[in-house]
Structure formats: structure tokens, C-alpha cells
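Asker: All chains, please: the whole structure from these sequences, using the hints.
There are 2 protein chains.
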Amino acid sequence: MSLPCDLQSIEQRITSLVHAFMDMEGAPIPSSLAHTARLTADQAITSSEGGKRLRAMLALGAWREVASGQALSDAVQAQAMLDLACAIEVFQTAALVHDDIIDDADLRRGRPSAHRALEQGTGSLPIGRGLGLMLGDLLATACTGIADDASTRLPASGRLRRTFLDMQRDVEIGQVLDLAIEQMPLDDPAALCEASYEVFRWKTASYTTIAPLRLAFLAGGMDPADADTHAEDIGLPLGVAFQLADDLLDVTSSSLQTGKPVGGDIREGKRTVLLADALDEADGAQQAWLRAAYEAPARSEEQIRQVIALFERTGAIEASRARIANMWRMARLAIERLGLDTAHTATLTALCARFVPEDVRSR
Amino acid sequence: MSLPCDLQSIEQRITSLVHAFMDMEGAPIPSSLAHTARLTADQAITSSEGGKRLRAMLALGAWREVASGQALSDAVQAQAMLDLACAIEVFQTAALVHDDIIDDADLRRGRPSAHRALEQGTGSLPIGRGLGLMLGDLLATACTGIADDASTRLPASGRLRRTFLDMQRDVEIGQVLDLAIEQMPLDDPAALCEASYEVFRWKTASYTTIAPLRLAFLAGGMDPADADTHAEDIGLPLGVAFQLADDLLDVTSSSLQTGKPVGGDIREGKRTVLLADALDEADGAQQAWLRAAYEAPARSEEQIRQVIALFERTGAIEASRARIANMWRMARLAIERLGLDTAHTATLTALCARFVPEDVRSR
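Chains as they are written, first to last, in UniProt numbering: chain A, 1 to 363; chain B, 1 to 363.
Simulated from the structure, these hints should not be mistaken for laboratory data.
A hint or two may mislead.
Computed spacing ranges between beta-carbons, pair by pair [as the list claims (entries may be wrong)]:
no., chain 1, residue 1, chain 2, residue 2, range
1, A, Thr15, B, Lys52, 20 to 30 Å
2, B, Leu340, A, Asp226, 29 to 39 Å
3, B, Asp106, A, Ser73, 57 to 67 Å
4, A, Ser9, B, Ala298, 45 to 55 Å
5, B, Asp106, A, Ala346, 27 to 37 Å
6, B, Asp106, A, Glu268, 22 to 32 Å
Per the computed footprint, the stretches of chain A lying under chain B, defined by three or more beta-carbons under 8 Å from a beta-carbon of chain B, are [said to hold, decoys possible]:
no., stretch
7, 92–102
8, 115–129
9, 156–170
10, 195–203
Residues of chain A clear of chain B, computed beta-carbon distances all greater than 12 Å [to be verified]:
no., residue
11, Glu11
12, Met22
13, Pro30
14, Gly69
15, Gln79
16, Gly264
17, Ala285
18, Ile304
19, Ala309
20, Met330
21, Thr342
22, Arg361
Values in this document were obtained by computation on a predicted structure and should not be read as measured data.
Glycine included, C-beta positions come from ideal geometry on N, C-alpha and C.
Answerer: Shown next as C-alpha cells:
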């Protein structure tokens with residue numbers, strides 16, 4: 001059997017898994033409350049739709065490159081690996097639902113964020129926000145259940161479950177650190193840059209690249225210590241490159257590409273490596289202006305444009321491109337250290353390349 | 001070995017488990033962010049302290065009544081059962097942290113609620129609230145990990161994990177329904193009463209009584225179908241009695257007893273069985289006044305006193321006492337149906353009696 005690892009199969013499976021988890025047919029839901037229960041269950045599906053599924057595809061693809069022929073031809077294991085990959089995506093949705101509440105974001109993937117949609121659906125801001133918070137909790141429980149169920153059908157099931165839980169914990173700690181970074185003073189660009197890199201490990205690389213690789217390597221039968229080392233060696237620079245590219249995209253792309261408003265990070269006053277690099281290269285007047293703009297409670301559209309112009313002029317955008325290229329180089333070397341044959345190395349490299357923009361990769 | 005199931009052993013073990021989960025020593029936390037990470041980790045401990053531990057004691061006590069002598073004398077199983085019982089308590093803390101954000105509550109167990117304490121600690125309302133949200137997520141991940149780890153050291157580990165996850169899901173759905181009930185019209189007291197009872201099953205009985213009993217019965221080696229039936233038959237009326245008593249306590253006790261302000265439910269406009277009973281027995285003028293008071297955006301201290309007086313005068317408080325007594329009778333009959341010998345039945349009954357106020361039980 002060939003493993004379905006195309007976007008459509010992943011998408012369908014996610015919908016079906018989330019639907020099964022949220023299904024309350026036959027459960028004693030009083031009819032007077034059924035409307036809100038339905039609204040929340042529907043939003044669980046809507047919020048789960050439309051991701052790029054990079055993480056699921058990495059997990060599935062990496063498993064295919066390292067697992068034995070026997071494992072690959074085992075339909076039970078292939079289905080379980082698909083479900084485990086989908087569990088990572090469901091976890092991401094859970095995290096994004098809470099993230100959008102924390103950031104008070106209106107949009108996600110070009111549609112209203114979950115709490116905003118639930119506010120509209122119930123006609124109440126506090127109830128919509130409460131339902132959004134619970135939806136994030138429900139999806140987090142859902143992904144744990146999906147991962148647990150998939151793990152029992154794969155080798156090293158205890159380690160797979162532990163890896164999945166560690167991933168959840170790392171991302172949650174990453175979100176705590178990400179909030180902490182918002183309170184960092186802006187007078188030490190080097191410290192800001194260093195802190196950002198560390199936070200990238202926790203909040204992004206953890207679940208974007210390290211855990212998908214680690215789960216794939218463990219499920220594929222790799223020695224646990226090797227699985228940990230290789231997943232970290234490849235996943236850390238790759239995940240950092242991905243986050244740097246994401247932050248870059250925020251200031252260089254259009255809303256149409258990202259489904260989010262341009263310069264959204266600047267609007268929120270988010271501390272990024274771009275900001276650290278700009279502060280580092282700016283002259284005294286520019287530095288003072290940047291710091292004042294970021295320390296103010298809000299930034300106007302005109303200020304956002306000026307910040308982007310400064311990022312360009314100080315060379316911060318170019319510096320981020322160089323940083324991404326450097327991380328990509330490290331990830332490629334780590335892939336080679338896996339010691340796969342040429343064909344498998346090439347396939348895995350192509351899979352990982354999806355996390356890094358092409359123009360930066362081909363430098 | 002005798003199983004430590006006293007309050008102090010449970011309390012110490014919870015602190016040690018939460019501490020181990022939140023421990024970031026040796027992890028690459030940038031020093032510039034260490035303060036906020038420490039603040040959050042400390043709050044995880046503070047929020048975990050001071051519960052009555054009724055749920056843990058029920059799980060441990062019920063296990064002791066049904067498990068074999070061999071299982072009881074197995075130190076590994078006894079320690080695992082203690083950890084599983086603690087996991088239920090950690091889950092409750094996670095749920096309360098999010099609940100307090102949803103209700104915008106200032107106090108919990110007589111101390112500042114987690115998000116409020118984190119607001120004070122960071123000097124920022126949005127960052128404190130964001131950290132509170134993440135703290136709830138972290139504690140939810142913690143309890144899953146603790147339960148997973150404990151389950152592997154007990155019989156029927158897969159079923160124990162599934163039961164724990166089902167409990168989490170039920171409570172989360174219960175919170176959704178609890179928000180839905182806030183939007184119910186107040187013109188049909190019977191429908192409000194019926195809906196409240198159903199919500200009690202999801203949001204309270206699920207993790208307060210049903211899951212502790214089910215986990216204890218499964219870990220104690222009971223046939224899974226029997227474990228489900230008995231846990232539901234005992235736990236459902238017992239958990240409903242507990243919630244009815246909790247709602248009653250809100251209007252009949254002092255802040256000193258509950259650690260929450262008196263009449264807090266009325267202040268929040270919470271729909272309760274007390275309100276349903278009062279509406280049902282009130283005359284036209286009282287009914288109109290009650291509905292107006294609950295449909296208003298807020299209620300004054302004077303209105304809260306008047307609502308409590310109406311609960312008394314309409315017989316709603318007495319009706320709740322009768323409801324609790326009836327539920328307790330059903331729970332006792334269900335305990336007898338377990339078919340334990342007289343001594344074990346008496347011990348388990350005494351354990352369950354802790355969930356119901358003595359003055360109502362002894363009617």
C-alpha cells in the first residue's frame with residue numbers, strides 16, 4: 001500500500017478525526033443548548049481547515065525515508081503514521097486558537113479567528129471569547145487522543161506518546177517566553193537577538209520540525225538516542241530558518257499571501273530578529289525613533305510603513321536572508337549526517353526545503 | 001506497604017509532580033526571560049495548592065476498596081495510583097485557571113486567581129492574561145503526562161489513559177454548555193432546570209466523581225463494562241449532588257468558608273437550579289423582578305441580597321436541599337449494588353459522603 005501523504009488526504013483525515021472527536025450525537029446535550037454546542041463543533045472543523053500541512057508532510061515523508069520496507073507496506077502502520085502526522089496539525093490549530101485570543105487577532109488563514117467567529121455566532125463578546133478558549137482546550141485534548149491512539153499502532157508507542165507530550169510542553173513554554181520577550185527593554189539588540197533565537201527553538205522548531213522528525217524517526221524504528229540527536233540537529237536550524245522566514249514574510253509580502261494584514265508583527269509591537277538587527281545597525285536618531293515606536297501602546301499605518309523602510313535601509317531584511325541561508329546550510333549538513341543513500345537524502349532534503357523560501361535557499 | 005492517601009501526602013506529591021513538569025533548570029532559557037518563566041512556574045505551584053483533594057481521595061479510597069490484596073501490597077501500583085489521583089487534581093487546577101479567565105474572577109481558594117497574580121507580577125494586564133492562559137495549557141499537558149506515566153505502571157493502562165482523556169473532553173464540553181446556558185431565556189424554568197442537570201453531568205460529575213471512580217475500578221482490576229456502569233451509577237447522582245451543594249453554598253455561606261465572595265454566582269448572573277426553582281415558585285411580580293435582575297449586565301450588592309432572600313422565600317433553597325438528599329439516596333443505593341461486603345460498603349459510602357453536606361445527608 002502506498003501511504004497517502006498528499007495534501008488532500010491529510011486534509012480529509014484531519015477533518016474526519018476532528019469531527020469524530022467533537023461528535024456529540026447521542027450524547028445527552030439538552031436541546032436548549034444544542035445550538036451553541038453545534039456552533040463550537042462546527043468552528044472546530046472550520047479552524048482545522050486550510051493549513052499548509054508542512055508539519056504532517058514532513059513527518060510522513062521522513063518516516064517513508066527511514067522506515068523499513070516491511071513497515072512501509074504494513075497498512076496499519078501507514079494509517080497510524082498518517083494519524084500521528086494529523087495529530088501534529090490538530091495541535092497546531094489548538095495552539096493558534098489560543099494564540100489568537102492572546103494577540104486579540106481578528107484573522108487567521110484569511111478567515112475570522114475562532115474566538116471572533118464565535119463572538120459573531122453568539123452575539124456576545126465574553127461568551128465568544130470563552131468558547132474560543134474552550135475550543136483551544138478541546139482541540140488540545142483531541143490531538144493528544146489522536147496521537148495516543150496512533151501510537152498504540154506503531155513501534156515504540158510509549159516513546160511516541162512522550163515525544164508528543166514533550167512537544168506540547170515545549171510550545172507552551174515557548175509561548176510563555178514569547179510573552180516575556182514583549183517586556184524586554186530595547187536597549188540591547190544583541191540580547192534581544194539571542195533571546196529570539198532561543199524562543200524560536202521552544203515555540204516554533206519544537207513542533208514544526210523537531211517533533212515531526214523525531215516522531216518519524218522513532219516510528220521508523222531508529223534507535224531512540226539517534227532519533228533525538230538527528231531530529232534536533234536537522235530540526236533546530238530548519239525550524240529557526242522557518243520562523244525567520246515567517247517574520248520576514250510579514251514585512252515583505254501582501255495580505256493576500258499570508259491571510260494576515262501586512263506588518264501585523266509591527267502593529268503588535270512584536271520583538272523580532274528583524275527589529276534587533278535594525279536596532280543594531282541604525283544610527284542614533286533612527287534607534288531612538290524605533291524604540292519610541294515599539295514602546296508606544298500602538299503604531300499607525302504610516303509608522304508601520306516607516307518601520308518596514310527602516311528594516312530595509314539598515315540592512316535588517318538582508319541580514320535575515322543571510323541568517324536563513326546559514327540555518328538552511330546547517331540543516332542540509334545535518335540531513336547528510338543521517339547517512340542515508342543519495343536518493344533518500346535528496347528526497348528528505350527536498351521535503352525540508354519546503355520550510356525555507358526558494359530565493360533564500362538558492363543563494 | 002500502606003498507601004499514603006491522607007491530605008498531606010497528596011498535597012506533597014502534587015507539588016512535586018508539578019514542580020518536576022515545570023522545571024526548566026538546564027533548559028536553554030535566555031537569562032533575559034528567566035524572570036517571567038520563573039514567575040509562571042511559581043504560579044503553577046501556587047495555583048496547585050490548597051484544594052480539598054476530594055477527587056484524589058475518592059480515587060485512592062475507591063481503589064483500596066476494590067483492588068486485590070496483592071495489588072494493594074504492590075508498592076509500584078500504590079505509587080502509580082497516587083500519581084493517577086494527583087493527575088485528576090492537576091487537571092482540576094488547569095480547568096480552574098481557564099475558568100477564572102472566562103469568568104474574569106479575582107479570587108480562587110482565597111488568593112488572587114492565576115491570571116490576576118500574573119498581571120500583578122508582570123505589571124501588564126494583557127501579558128498577565130496571556131500567561132494565565134498558557135499556564136492553564138501547561139497544567140493540562142502536565143496532568144496528561146502524569147496520568148500517562150502512572151497508567152503504564154497499572155493494569156489496563158490503555159483504558160486508564162482513554163478514561164482520563166474522555167474526562168478532559170467531557171469537562172471541556174461541559175464548559176461550552178455552561179457558557180451556552182448563560183444565553184438561555186428565563187421564561188421556561190423547567191427547561192432551565194433540565195439543562196442545568198445535564199450540564200452538571202458534563203462539567204462536574206465527569207471529573208469529580210465518575211472519572212475518579214472509573215479509574216479506581218479499572219486500576220483495581222474490575223471488568224471494564226462493570227467499571228463503567230458502577231462509576232456512572234454512583235458518580236452521576238453524587239456529582240450532581242456535589243454541584244447542587246456547591247451552588248447552594250454560594251448563597252448560604254460566608255466568603256471565609258469558600259474563599260470566594262458570597263453570592264458570586266448571582267453577581268455573575270449564573271443560571272442555576274436555585275434560580276430555576278425560584279422562578280418556578282415565584283409570583284408574577286417576583287418572576288419579572290428576578291428575570292430583569294438576571295438579564296441586566298450587572299447586579300448590585302443590594303440586588304444580590306434581595307435575590308438570596310427570594311431564593312429563601314420561594315422555597316428554592318429548601319428545594320435544592322431536597323434535590324441533594326434525593327441524589328445522595330440514589331448514590332448510596334448504587335454503592336450497595338457494587339456488592340462489596342458490609343465493611344467495604346460502609347467505607348466507600350463514608351468516602352462518597354464527603355461530597356454532600358452533612359445536614360442534607362442526615363435528613
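Asker: Find the nearest Cβ of chain B to the Cβ of Gly69 of chain A and say whether that gap is larger than 12 Å.
Answerer: holds (29 Å)
Asker: Could you check that no beta carbon of chain B comes within 12 Å of the beta carbon of Gly264 of chain A?
Answerer: holds (16 Å)
Asker: Between the stretch 92–102 of chain A and chain B, are there enough contacts, at least three residues with CB-CB distance under 8 Å, for the coverage claim to hold?
Answerer: holds (count 3)
Asker: Within 45 to 55 Å: is that where the Cβ-Cβ distance between Ser9 of chain A and Ala298 of chain B falls?
Answerer: holds (51 Å)
Asker: Evaluate the given range 29 to 39 Å for the C-beta pair formed by Leu340 of chain B and Asp226 of chain A.
Answerer: violated (51 Å)
Asker: Counting residues of the stretch 115–129 of chain A whose CB is closer than 8 Å to a CB in chain B, do you get three or more?
Answerer: holds (count 5)
Asker: A cut-off of 12 Å on Cβ-Cβ distance, and Met330 of chain A was said to be off the interface with chain B. Does that hold?
Answerer: Correct as stated: the minimum Cβ-Cβ distance to chain B is 17 Å, above 12 Å.
Asker: In this structure, is the beta-carbon distance linking Thr15 of chain A and Lys52 of chain B contained in 20 to 30 Å?
Answerer: With a Cβ separation near 42 Å, Thr15 of chain A and Lys52 of chain B fall outside 20 to 30 Å, so the hint is violated.
Asker: Three residues or more, CB to CB closer than 8 Å: is that satisfied between the stretch 195–203 of chain A and chain B?
Answerer: Result for this restraint: holds, n = 4.
Asker: Note whether the CB distance of Asp106 of chain B and Glu268 of chain A lies within 22 to 32 Å or breaks it.
Answerer: holds (27 Å)
Asker: Could you let me know if the closest chain B CB is still more than 12 Å away from the CB of Gln79 of chain A?
Answerer: Given that every Cβ of chain B is farther than 12 Å from that of Gln79 of chain A, nearest at about 18 Å, it holds.
Asker: Hey, does Glu11 of chain A actually stay past 12 Å from chain B on C-beta?
Answerer: Label holds. Min Cβ-Cβ 23 Å, cutoff 12 Å.
Checked against the numbered hints given earlier, the structure breaks hints 1, 2, 5, 12 and 13 and satisfies all the rest.
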